[in-house]
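Novice: Generate coordinates for the entire structure from the input sequences, incorporating the hints supplied.
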Amino acid sequence: MTRIATAHATSTAAPTDFFAVWADMAAWPEWNADTEWVRLDGPFAEGATGTLKPRGGPKVPFVVERLTDEEFVDISRLLGARLVFAHRVVETEAGCEVSVTIAMTGPLRRLWSVLMGRGLAESVHRDLAALVATAEARRTAQPLNRIDSQEKI
Numbered sequence: 039m040t041r042i043a044t045a046h047a048t049s050t051a052a053p054t055d056f057f058a059v060w061a062d063m064a065a066w067p068e069w070n071a072d073t074e075w076v077r078l079d080g081p082f083a084e085g086a087t088g089t090l091k092p093r094g095g096p097k098v099p100f101v102v103e104r105l106t107d108e109e110f111v112d113i114s115r116l117l118g119a120r121l122v123f124a125h126r127v128v129e130t131e132a133g134c135e136v137s138v139t140i141a142m143t144g145p146l147r148r149l150w151s152v153l154m155g156r157g158l159a160e161s162v163h164r165d166l167a168a169l170v171a172t173a174e175a176r177r178t179a180q181p182l183n184r185i186d187s188q189e190k191i
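In the numbering used here, the protein residues as written are 39 to 191.
Honestly, the hints are just simulated from the structure, not real lab data. Take these hints with a grain of salt, some might be off.
The calculated label-pair distances, taken between Cβ atoms and stated as ranges, are [unchecked claim]:
1. T106 - A168: 20 to 30 Å
2. A179 - G133: 14 to 24 Å
3. T54 - P145: 32 to 42 Å
4. A132 - V152: 34 to 44 Å
Think of the CB as a built atom: it goes at the ideal place given N, C-alpha and C, for glycine as much as any other residue.
Specialist: Here it is in structure tokens:
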């Protein structure tokens with residue numbers, strides 16, 4: 039495996055906010071500047087497949103490889119390689135720690151890393167910052183669910 043880039047951030051948003059943003063793949067271009075469009079072929083779940091169209095690049099099939107309460111991993115299949123995006127979010131006392139690690143596997147990983155690595159490494163921090171802003175905006179836009187304890191009978 040060849041690691042291309044990793045980015046970390048701390049956020050006031052909850053893990054559920056991040057997973058909601060990740061699950062809404064059609065909206066990814068709003069926070070991921072390198073993505074033209076994304077289509078998910080069903081619900082956001084482990085094993086789900088879809089297609090991603092990067093700006094200036096060809097359509098790429100992907101699969102949701104892993105989906106837990108703390109991690110979302112999607113893998114794009116390239117000729118002779120796999121592009122792995124591992125997203126992780128963990129609640130801490132300081133807030134949510136969110137990270138994205140991009141790696142390449144497969145026999146042609148070095149070639150693909152040369153072709154794509156620099157652009158991915160340059161954009162990962164910007165895209166993570168935009169993801170955090172989107173998750174935090176989502177959190178503040180949600181109405182509070184309160185039960186009126188003085189309801190009249």
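Novice: Hint by hint, note whether the structure agrees.
Specialist: How the hints compare with the structure:
The hinted range of 20 to 30 Å is satisfied by T106 and A168, whose Cβ atoms lie roughly 23 Å apart. Our hint of 14 to 24 Å for A179 and G133 holds, since their Cβ atoms are close to 18 Å apart. Take T54 and P145: their Cβ atoms lie about 38 Å apart, and the range 32 to 42 Å holds. Between A132 and V152 the beta carbon distance is about 37 Å. The supplied range of 34 to 44 Å therefore holds.
Taken one by one, the earlier hints all hold for this structure without exception.
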